[in-house]
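2 protein chains.
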Amino acid sequence: MSINLAPSPLPVTLDDVYAARERLRGIVNATPLQPSRTLAAEVGAAVWLKPESLQRTGSFKLRGAYNKIASLSASERARGVITYSSGNHAQGVACAAGILGVRAVVVMPEDAVAAKVAATRGYGAEVTFAGTDSLQRQARAEELQRQHGYTVIPPFDDPAIIAGQATVGLEIVEELSDVATVLVPCGGSGLLSGVALAVRELRPDVRVIGVEPADAADAQASLAAGAVIEAERIETICDGLRTRRIGDLNFRFLQRYVSAIVAVPDAATLEAMRFLAVRAKLVVEPSGAIAVAALLQGLVPSLAGPVVAVLSGGNVDAGLLAKVLAEG
Amino acid sequence: MSINLAPSPLPVTLDDVYAARERLRGIVNATPLQPSRTLAAEVGAAVWLKPESLQRTGSFKLRGAYNKIASLSASERARGVITYSSGNHAQGVACAAGILGVRAVVVMPEDAVAAKVAATRGYGAEVTFAGTDSLQRQARAEELQRQHGYTVIPPFDDPAIIAGQATVGLEIVEELSDVATVLVPCGGSGLLSGVALAVRELRPDVRVIGVEPADAADAQASLAAGAVIEAERIETICDGLRTRRIGDLNFRFLQRYVSAIVAVPDAATLEAMRFLAVRAKLVVEPSGAIAVAALLQGLVPSLAGPVVAVLSGGNVDAGLLAKVLAEG
Chain A
8 MSINLAPSPL PVTLDDVYAA RERLRGIVNA TPLQPSRTLA AEVGAAVWLK
58 PESLQRTGSF KLRGAYNKIA SLSASERARG VITYSSGNHA QGVACAAGIL
108 GVRAVVVMPE DAVAAKVAAT RGYGAEVTFA GTDSLQRQAR AEELQRQHGY
158 TVIPPFDDPA IIAGQATVGL EIVEELSDVA TVLVPCGGSG LLSGVALAVR
208 ELRPDVRVIG VEPADAADAQ ASLAAGAVIE AERIETICDG LRTRRIGDLN
258 FRFLQRYVSA IVAVPDAATL EAMRFLAVRA KLVVEPSGAI AVAALLQGLV
308 PSLAGPVVAV LSGGNVDAGL LAKVLAEG
Chain B
8 MSINLAPSPL PVTLDDVYAA RERLRGIVNA TPLQPSRTLA AEVGAAVWLK
58 PESLQRTGSF KLRGAYNKIA SLSASERARG VITYSSGNHA QGVACAAGIL
108 GVRAVVVMPE DAVAAKVAAT RGYGAEVTFA GTDSLQRQAR AEELQRQHGY
158 TVIPPFDDPA IIAGQATVGL EIVEELSDVA TVLVPCGGSG LLSGVALAVR
208 ELRPDVRVIG VEPADAADAQ ASLAAGAVIE AERIETICDG LRTRRIGDLN
258 FRFLQRYVSA IVAVPDAATL EAMRFLAVRA KLVVEPSGAI AVAALLQGLV
308 PSLAGPVVAV LSGGNVDAGL LAKVLAEG
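These protein sequence lines map, in sequence, to chains A and B.
To convert, take the position in the first sequence, counting from 1, and add 7; that gives my numbering.
To convert, take the position in the second sequence, counting from 1, and add 7; that gives my numbering.
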């Protein structure tokens with residue numbers, strides 16, 4: 008047995024990212040880079056926010072979902088797509104499929120929040136219910152896939168999904184040529200993989216840092232161990248980052264391109280959510296505030312500016328936001 | 008006595024607006040135009056939001072204040088500036104003066120909100136207190152002006168202020184060439200005057216419409232009467248629009264360039280504030296939500312799209328926002 012020391016090629020290249028951007032043109036918003044002088048004063052470096060909360064569907068997920076569905080063959084598109092996420096990815100898939108005229112089925116838990124069901128249906132997807140845990144939903148989705156020939160649209164562990172999310176990284180580098188550090192929320196790692204790929208391939212000197220909840224810090228553990236580690240707990244307020252393990256494909260992008268993973272306690276994330284609403288005038292969900300929490304808490308080692316913090320989404324329950332604002 | 012039917016020339020031209028933009032370059036954010044597909048579906052026309060809530064200091068006021076102070080002579084700048092607004096204009100003046108290294112004094116009521124005092128001081132201005140009503144503040148400001156030779160920076164009734172606010176209009180027309188209707192909050196009318204001037208001089212076919220609180224609807228009454236009318240009441244939740252009368256100079260811009268003024272009840276404005284936070288993920292103050300309230304309530308007659316709604320600011324008390332979110 009010989010040991011191959013050359014890294015195996017990754018299945019997403021910059022060309023794939025540029026192709027994704029062409030597909031997404033006119034479909035997604037090129038979200039603004041918003042300077043935050045308040046944050047800059049706090050951390051002693053220029054800070055820019057990349058609010059994907061202002062993205063269509065309220066999160067970055069549309070980028071990957073649209074790129075994936077638009078990449079399917081005509082016969083796959085004719086048969087339709089299915090997913091079993093109940094959060095931002097479901098809305099991204101529903102919206103993308105609606106735009107492309109593709110049938111979309113979303114399997115949701117029987118106790119799904121009515122607002123999420125309504126939003127997903129609002130984009131034109133069919134919602135079907137199965138049990139209350141994710142294994143039941145996955146089983147139901149696979150059953151429907153076999154019956155109808157649907158294509159499953161995975162949330163993160165897929166080259167076309169990663170290439171779509173990577174367009175966030177392209178926009179950052181093209182708008183802020185002297186960026187030194189990019190902070191990206193990390194759940195399954197689709198966004199982090201894509202952004203890291205695009206940023207580092209264009210600018211190898213930039214540090215890309217993942218940020219995950221301290222109570223679901225499997226990415227940090229995985230990079231330290233050199234293998235994908237499953238989280239023991241995923242009890243975090245960051246509902247977008249409650250992934251038990253990052254994707255195997257994503258792990259390879261993290262190993263190749265990511266400088267560090269920072270873990271943030273939920274209390275700091277809620278404080279950052281409040282900071283963003285009160286000072287930056289942006290509504291973000293907990294997962295979307297976590298990179299700013301890392302900055303406010305001084306958790307990023309050897310921070311070099313200019314810094315970009317990606318705000319991944321804004322789909323927060325109005326009651327939770329009200330509570331966070333009232334308690335400050 | 009002969010009657011002169013030719014309109015007298017206004018003291019702000021497009022050239023003044025372009026000059027203001029050059030002064031503001033690198034100082035203010037060119038705020039994004041954000042599409043709102045949800046609003047578009049509600050009103051049956053394409054709708055874009057222009058969130059000056061994302062402007063430095065949290066409102067458009069920095070544009071006019073900076074343009075005014077930067078236009079002063081060296082000796083005027085050496086003596087310093089004074090204002091007696093306690094809201095967004097005070098923060099705009101304080102920030103602009105701080106950037107330009109000009110001494111700024113802000114006269115505030117003795118019962119001023121601590122956060123506003125802190126924010127104004129945070130930009131480097133001196134705060135002095137006088138009584139609890141605006142006449143006492145004005146008297147104190149005039150006394151200080153006589154003593155120290157300060158220049159008063161008025162909130163709206165001034166050519167350099169209007170030219171600064173007009174840069175919002177330039178950005179709209181340059182980014183959205185096919186805009187048909189622009190909705191602008193209306194208090195003293197500095198923003199409305201400037202935006203209307205810039206938009207109509209560049210695109211005479213566009214309708215520019217002012218939006219004011221139904222309980223402080225003096226601009227509507229003034230245009231109807233053909234003379235500046237003082238509001239009987241100014242009891243509105245829109246603290247940025249509690250102006251008893253629009254400026255005499257501003258009135259001439261409204262007569263020349265504004266197609267209509269729409270009056271909106273406070274309840275609708277609070278509903279729009281909630282809509283913007285929950286659906287558009289933007290934190291705006293009540294004054295900043297009023298143009299969207301006019302759209303949501305169907306109050307704009309013969310609405311033609313594409314529509315731009317200017318969100319004038321985001322400096323809302325966290326407790327009020329929490330209350331609005333919790334009650335929805």
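These aren't lab readings, by the way, just hints derived from the structure by calculation.
Since the structure is predicted, the reported quantities are computational estimates derived from the model, not experimental observations.
No residue lacks a Cβ here, since even glycine has one placed at the ideal position from N, Cα and C.
You may find that some hints are simply not true.
Unchecked claim - As a list, the in silico DSSO-like pairs of lysine-lysine whose alpha-carbon atoms are at most 30 Å apart: (1) Lys330(B) - Lys123(A); (2) Lys123(A) - Lys330(A); (3) Lys330(B) - Lys330(A).
As the list claims (entries may be wrong) - Sample of chain B residues with no beta-carbon within 10 Å of chain A, all distances over it, derived: (4) Glu29; (5) Asp246; (6) Leu332.
Stated by the list, open to error - Coverage of chain B stretches by chain A, computed from C-beta distances (three or more under 8 Å per stretch; other residues unrestricted): (7) 41-53; (8) 57-71; (9) 285-294; (10) 315-327.
Going through the hints against the structure:
no.	hint	result
1	Lys330(B) - Lys123(A)	holds (23 Å)
2	Lys123(A) - Lys330(A)	holds (20 Å)
3	Lys330(B) - Lys330(A)	holds (9 Å)
4	Glu29	holds (20 Å)
5	Asp246	holds (16 Å)
6	Leu332	violated (4 Å)
7	41-53	holds (count 3)
8	57-71	holds (count 5)
9	285-294	holds (count 6)
10	315-327	holds (count 3)
In this structure, only the earlier hint numbered 6 is contradicted, and the remaining ones agree with it.
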